[in-house]
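The primary structure of each chain is shown beneath.
There are 2 protein chains.
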Amino acid sequence: MAESKKTTLINQLVEALRCLPSVGPKSAQRMAFHLLQHDRTGAAKLSKVLADSLEHIQHCERCNNFTEAPVCDLCLSPSRDSAVVCVVESPSDLLMMEHTLAYKGMYFVLMGKISPLDGLGPQEIGLPRLLKRVEEGLIKEVIIATNFTVEGEATSHAICEILKPFNLKISRIARGVPVGGELEYIDSGTLAQALIERRTAQF
Amino acid sequence: MAESKKTTLINQLVEALRCLPSVGPKSAQRMAFHLLQHDRTGAAKLSKVLADSLEHIQHCERCNNFTEAPVCDLCLSPSRDSAVVCVVESPSDLLMMEHTLAYKGMYFVLMGKISPLDGLGPQEIGLPRLLKRVEEGLIKEVIIATNFTVEGEATSHAICEILKPFNLKISRIARGVPVGGELEYIDSGTLAQALIERRTAQF
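Chain order of the listed sequences is A and B. Each residue of the first sequence is one higher than the last, beginning at 1 in my numbering. Each residue of the second sequence is one higher than the last, beginning at 204 in my numbering.
Only chain A is shown next, with the shape it has when bound in the complex:
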């Protein structure tokens, strides 16, 4: 018992692994033992890359996404349409958008969403920086791709309010029945939205 309570290096390692999201005490213990017994090379690499990342990775000055350079490759890419900006909540959402292969514009990553209970307002999610970018006058369209959650909708609303004074096209990605979705299994809220936001059929 005494052994397991002491702050040995092993216990410190287990504790340190708990900084990872959704890793509890049991998982952390399993990870620690796995690394020590079966993957010391991987662990050494993780330790090094983690230190390097903390030193070099920062936010892109334009899109706010993570990058090593002051401005990220995507913002510098000449093949992308710099007149369109898609606003997403997180870097993962940006990657999801990229995976669609359907978007060739720029991004702005909020790195969060408006959530008054967590003390996150428009300032904290970088809206002043988005505003500054719009004020430069090069942006013609803003596509809001925040999540369709309560916070995501509130964030979308706040962005609309801030951008209203500018002569911009502001759009929100569509809600509706997912591709491959069957009406029988869709929740009624989604189906109602799909009905309200119906499009004229193209023949």
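Hints may contain errors.
To be verified - Listed next, the stretches of chain A that the computed footprint assigns to chain B, with coverage defined by at least 3 CB atoms under 8 angstroms from CB atoms of chain B: (1) 29 to 37; (2) 48 to 57; (3) 134 to 144.
Said to hold, decoys possible - Beta-carbon label-pair distances, calculated as ranges: (4) V353/B to G119/A: 47 to 55 angstroms; (5) S92/A to L298/B: 32 to 40 angstroms; (6) L117/A to P319/B: 51 to 59 angstroms; (7) L95/A to T244/B: 23 to 31 angstroms; (8) Y185/A to I365/B: 54 to 62 angstroms; (9) L323/B to K48/A: 36 to 44 angstroms; (10) R199/A to G384/B: 52 to 60 angstroms.
Source of the hints: derived by calculation from the structure; they are not laboratory data. Even for Gly, the Cβ is constructed at its ideal location relative to N, Cα and C.
Got chain A sorted already, so can you dock chain B onto it with the hints?
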């Protein structure tokens, strides 16, 4: 697309996090973004403790468990019975035994189990070291606490074979109905074992 495929530091970090057990590409990405955005202190600590652990943590000369010293605290403890050795598969199993508060002897951690398909035989799981410890003549009883899986049972059998020539009490932890278990929900194999290994009632 090009951005997400390049070996940027972020992609390296996501890749490095995949050395953790049961962490796939999506979880690794989530972990990387979480650490960079919300817990740089924790990440820095993880990087450091991981490097320290790899440098200092080794196997105890006596019990084979992880430790910073040549011989671990548990093996050096004067309050424990050095005539009894409990053989477990992993450090987690040792901790589970310790949590019972019902055992005050020594341990031997196999750091694995016999698994011919994975190329793990008696040599790989340190049985020669256990044998050497028994040959010193101080051990009077060996309690085998490997898992009740096919590999665990094979390992248990191999240990029995190796220790047969010595004048030792060799025991296996009991199989049976778990504490709080209801017969209705127990599998028939366990119930059959509980019946075979029944104990004379004590009045």
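Do the hints match the structure? See the list:
1. 29 to 37: Holds, because 9 residues of the region 29 to 37 of chain A bring their Cβ atoms closer than 8 angstroms to Cβ atoms of chain B.
2. 48 to 57: With 9 residues close enough to chain B, the hint holds.
3. 134 to 144: Check failed, 0 qualifying residues.
4. V353/B to G119/A: 47 to 55 angstroms: holds, 53 angstroms
5. S92/A to L298/B: 32 to 40 angstroms: holds, 35 angstroms
6. L117/A to P319/B: 51 to 59 angstroms: The hinted range 51 to 59 angstroms holds for L117/A and P319/B, with Cβ atoms some 56 angstroms apart.
7. L95/A to T244/B: 23 to 31 angstroms: Cβ of L95/A to Cβ of T244/B: about 25 angstroms, so the range 23 to 31 angstroms holds.
8. Y185/A to I365/B: 54 to 62 angstroms: holds, 58 angstroms
9. L323/B to K48/A: 36 to 44 angstroms: violated, 30 angstroms
10. R199/A to G384/B: 52 to 60 angstroms: holds, 59 angstroms
Of the numbered hints given earlier, the model fails hints 3, 9; all others are met.
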